[in-house]
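With the hints as a guide, dock the two chains, each given alone in a separate frame, to form the complex.
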Amino acid sequence: MRVALFVPCYVDAFFPKVGIATLELLERFGVEVEYPLDQTCCGQPMANAGCQDEAAATEKLFVRNFDGYDYIVTPSGSCAHHVREHLSAIGKTAKVKKVRRRTCELVEFLHDVLRVREFPWARFPHKVGLHVGCATLRGLGAAKMSEIDGPAFSKPLTLLSRVKGISVVAPSRPDECCGFGGTFSVFEEPVSARMGYDKVNDHRNAGAQYIVSQDMSCLMHQKGCAERLGLGLKFIHIAQVLNGTAA
Amino acid sequence: MKRIDHAEASSRFIAAKEHVEFHDRRLWDLRQKRDREAFRIPEWEELRTLASTIKEHTLARLPDYLAQFERNATANGMRVHWARDAAEHNQIVHDLLSAHGARTLVKSKSMLTDECEMRPFLETRGIEIVETDLGERIQQLDGEPPSHIVVPAVHKLRTDVARVFARTLGTDPKNSDVSYLAESQRRHTRPYYLKAEAGMTGANFAVAETGSFVVCTNEGNADLSANLPKLHIASIGIEKMIPRIADLGVFIRLLSRSALGSPITQITSHWRAPRPGSEIHVVLVDNGRSERLGMRDFWYSLKCIRCGACMNTCPVYRRSGGLSYGATYSGPIGVIIDPAFNLRKYSALPFASTLNGSCSNVCPVKINIHEQIYKWRQIINERNQLPIVKKEAMRMAGKVLSSPKLYRAAVKAANAGLEYLPRSMIYNPFNAWGRQRDLPKATSTTFRDWYVKHRSAKK
Chain A
1 MRVALFVPCY VDAFFPKVGI ATLELLERFG VEVEYPLDQT CCGQPMANAG CQDEAAATEK
61 LFVRNFDGYD YIVTPSGSCA HHVREHLSAI GKTAKVKKVR RRTCELVEFL HDVLRVREFP
121 WARFPHKVGL HVGCATLRGL GAAKMSEIDG PAFSKPLTLL SRVKGISVVA PSRPDECCGF
181 GGTFSVFEEP VSARMGYDKV NDHRNAGAQY IVSQDMSCLM HQKGCAERLG LGLKFIHIAQ
241 VLNGTAA
Chain B
1 MKRIDHAEAS SRFIAAKEHV EFHDRRLWDL RQKRDREAFR IPEWEELRTL ASTIKEHTLA
61 RLPDYLAQFE RNATANGMRV HWARDAAEHN QIVHDLLSAH GARTLVKSKS MLTDECEMRP
121 FLETRGIEIV ETDLGERIQQ LDGEPPSHIV VPAVHKLRTD VARVFARTLG TDPKNSDVSY
181 LAESQRRHTR PYYLKAEAGM TGANFAVAET GSFVVCTNEG NADLSANLPK LHIASIGIEK
241 MIPRIADLGV FIRLLSRSAL GSPITQITSH WRAPRPGSEI HVVLVDNGRS ERLGMRDFWY
301 SLKCIRCGAC MNTCPVYRRS GGLSYGATYS GPIGVIIDPA FNLRKYSALP FASTLNGSCS
361 NVCPVKINIH EQIYKWRQII NERNQLPIVK KEAMRMAGKV LSSPKLYRAA VKAANAGLEY
421 LPRSMIYNPF NAWGRQRDLP KATSTTFRDW YVKHRSAKK
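Line by line, the protein sequences are chains A and B.
Going by this note's numbering, the first sequence runs without a break in its numbering and finishes at 247.
Going by this note's numbering, the second sequence runs without a break in its numbering and finishes at 459.
Heads up, a few of these hints could be off.
Counterexamples of contact, computed for chain B against chain A with all Cβ distances above 10 Å [stated by the list, open to error]:
#1 92
#2 185
#3 191
#4 274
Pulled a few chain B residues facing chain A out of the computed Cβ check, cut under 7 Å [unchecked claim]:
#5 14
#6 315
#7 316
#8 320
#9 354
#10 357
#11 361
#12 362
#13 395
#14 398
#15 401
#16 402
#17 407
#18 440
Since the hints were derived computationally from the structure, they do not count as laboratory data.
Think of the CB as a built atom: it goes at the ideal place given N, C-alpha and C, for glycine as much as any other residue.
If we strip away everything but chain B, and leave its shape as in the complex, we get (with noise of 0.2 Å):
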């Protein structure tokens, strides 16, 4: 499989200029957001440090938390699924369609459905998938992945967006307003609502005690998609467990502050037990999961609770956009995430990080995000897929500076090349540092030879 790679993704992002400073304009004023409303609670970092020990205590005893879930979902009348991987997860989802005859199904955002790649598989089966979340329905009318987590389209311009509603829904490409866009977008949709014959939603947390799962939306949508139909399929992934309904407050609390800087989202719904004459059908995915739970340097990622706060804090995905990760999830948690999936494909990402550390300061679980991108950079070298120019430069590096003699004369050559070398030699293309940036002056003497000449004499 191709590795995918992100300094040439991030090239294009760049050079169409307007949307790259909207990008970061728009993520951090997100960014702030969350500072101001993070601040105003004087136990913030009490409850990020709640959050993680009550994630941590969860990933620690899951198969029994996940039981116990299963077992009072069942009692309250929901139907529970297993899934070992995406495979298992799109077979059952289809299998449940088709014993309920349904052709059309409107789904609210769900990052897990996105991970198992399930609207391809069920759109070539004959079914009709409608996202209903504004932002993850202009991506799928573009034929785009959602690229941000949370704000699926946040890398489009209004002006885009006209562009591909004319194309798609037949509105007036000349007209960018927002409002008209999401209005004629939710007339398009309403009548789907009333149409499909099955709903689908993602879930934020599953709480053990209750056998109950809880979806927070800004938009109503998944009240929609989950209650109009007949048929409620929820795909939760087995990490977003949480055991007491009493946890909850502690994560809806963090959860939209760290993600939009707003209190709490417009909607928190709970699903507890199927209406009268319907069904409520959970299925719980593993896909990797418990393969991550196992690595003693990277199960603390499982606390991720998708808010997408270092995605947003990330200078490096402020200016390259979540399309150029080439995955599902990008960003900060993308970066550390991935590479489980694919080592090879992802191997670049831990590497479109300068470790400056943000991410894990923003992350309401405490998840040690630039330790971990650290830690990944180790194994993706260990496995033998660091690109060759890089790894040969290092190879050459640590023999260098592993010797004072070597490196004398090393920086001698360096500093007689800046002096003496053309320059269209040292600003050429294959050089990186010089294609946007001058280098530094040579200079005649070393610290160490002022030292040697100045001090070491005097001694």
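Isolated chain A (complex conformation) (with noise of 0.2 Å):
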């Protein structure tokens, strides 16, 4: 099995831990991880302002970067879902269309594809709020969603439940957006900033001393709003938490 490592941009740059943390958790199952140097983007942030010419030569890139791999696997299901769900700006080639189908977000992977559910060296002696980002919940289902009726299930939860010491703590609102929303966060702030005061009150007012989610990019804005509101949350991805990364 053939597997690429794609950091995002912004996980590259600014939270390069959680970049490392995916590759060891994927080595320690035994897969051997290869990580194209040519990587920048998935072509997410030009694609959502509606900005296809712009989106073209960063997503052609991307398939350039990880053609050829059985599975590309990321930490970030917002990415995952542009790649699979999107990519539009750039030809459906059959090269095109498989990249889109064989990219994954690192839970996903985890849990759909190797299948496991032991962590034996990851222990989190906190109390944590779940965050599940709209793309990764909605888009590529992790979660059961709080609009659709049916049985509860909850794949990132499903595996940090193994994680020793580990106690999950529900916001009132589980599943609502935190305000995140690529360039939205700039262009419309006062709604986005609010939707993100709102989202960490509710999550510190459930008791959580730490968010852990498959979305850096919610966490990051989520960081700055608990930051600016002297919350005192704690942030941090969930592939950390899995990698028994101490915190």
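Okay, here's the thing in structure tokens:
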């Protein structure tokens, strides 16, 4: 199995530890991971702004970097969703379709492909609030959505529940969007910040010490909000928790 | 025409702390009631699929069903008029009122008449119009359009309503008791029902097979408006058509559960034929709907049954209020309808969304709202309606992110900036991120640097 690691631009630049934890976690399960050195971004920032022409070259580069792998794994639900469901600024060639189909978010890959459930090295004795980003939730189907009735399930929770010492507390509106939304966070700053404030307060009121997520972009926004409010909440990517990163 | 600045309007809404908190809580409460009522019905998802399919079928054969409706309604004794646009609609209504010597019109809620800006048109021609829906009346008396398609004054606190009524109806400005306010409005409105020579309603559904139409309300005001005067005018958008009376049950079961989380509206009225001595005139209005029906990516929005569930669930709408959209239709459904009316004016609206997708999940007729928002963004860009700052930012981002070399240089520069720039430069008024949020900390190495150092060398 040839597996490539895609570390999204903002993780590469601002949260290298998330990339390292992802790589180490995959290696713990015996996966041989390759990291194509010319990777940059999936094209989502431009595409979400409606700028298909501006996204095309970046999407093309993504396909060039990740063509030929059995799986492309990334610690970002939002980027995985863009690649799999959109990536429409470039033609739908067989190669493009293959790359799209084979791109996986990390928890999906662990839960559905490797089907692993045990993380004996992981210990996280903290109260944790789980944030499932909207693209991860409603786009990739990582957990039950509150709008649709059905049996409860949550892939990230299934994995987290095996971490020693962890206790998960639920906010009052578990799948309310936190207001990051890419360029939304800047061009719709008033609503974005307000949503972020409401989100981190909801988690804090539930008693969370840490907020854990598959999406560092949501966390970057929530962290910025929580720090400005002085809430003392901490933020950590799920890869770091599952990899046993001391915290 | 000036572009609506949703972000700017939302900052004003958010500044009123008590209002934004109430608004968010009240609408979230409706969303939760919707969940409870919907989940009580095991076949809920099946109903949504059925409703969507019936609407798609009807829209695909809309001319046939409209003609069938006209034939049957006419046979029932109603008169059917066709309005190509808002101007024709308003003219038809005015002509009818003039022909009947009507000076006063009592009307129930209709988004379509707001869309057509009918009220100012008739008022300047000497017609007195009284909105009889409580929320709509509050908005009329305050000189504001409705902020929500189902609960038009939901952005107001009861103390706001007390002030409006005190100013316009002479109530006690200090008394904001809900029953007192509702009763005052009722006493004030009742005489108009008796005085008005004409009444007006919209319609939730028009049934082709029976030539009848259906109005769902909770206050009974539509029935008084329609049945007391001798002239009843019903303005109906052509997309309200459904084929058979048997189809109606599907929509009735979905409508109020989605809208308010109640199993059914208090009153579901059917109009089929005028009473002896009175007239019913139906005005079927296009006003851009045929054009939208021809749009490959957007015709699905015509399935909308105006329940407002997408607004109640929308985290952006709840925190910015309906008026911030500057359009008749606000919230997620407005965001995908409004640009079809005026692309430039409403070009910022599809960006007032995080694409979180909750709206599509609650939509009772399964409109792919968030996907249409995504698509509208592309069209707005293609028609050169993106703000220059954003367009330039995207051009630059596209250039940098498509080149590994430029990208690596930019990441270094960004981290250096975060590390070395003085705080005053990072958190300045021009930095929208930093206004209410802290920035991520700078890191000395990127993941790639780490990888090259620790892994590439080994291989």
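A quick look at each hint next to the structure:
1. 92: 38 Å, holds
2. 185: 32 Å, holds
3. 191: Residue 191 (chain B) is indeed farther than 10 Å from all Cβ atoms of chain A, at 43 Å.
4. 274: 42 Å, holds
5. 14: 5 Å, holds
6. 315: Holds, about 5 Å.
7. 316: 5 Å, holds
8. 320: 5 Å, holds
9. 354: It holds, given that the least Cβ distance between residue 354 (chain B) and chain A is near 3 Å, below 7 Å.
10. 357: 4 Å, holds
11. 361: 4 Å, holds
12. 362: Because about 5 Å separates residue 362 (chain B) from the closest Cβ in chain A, which is inside the 7 Å limit, the hint holds.
13. 395: 6 Å, holds
14. 398: 3 Å, holds
15. 401: This hint holds: residue 401 (chain B) lies near chain A, its Cβ roughly 4 Å from the closest one there, short of 7 Å.
16. 402: 3 Å, holds
17. 407: Hint on residue 407 (chain B): holds, closest Cβ of chain A at ~4 Å, below 7 Å.
18. 440: The hint holds - residue 440 (chain B) has a Cβ within 7 Å of chain A, the shortest such distance being about 4 Å.
Of the hints listed earlier, there is not a single one the structure fails to meet.
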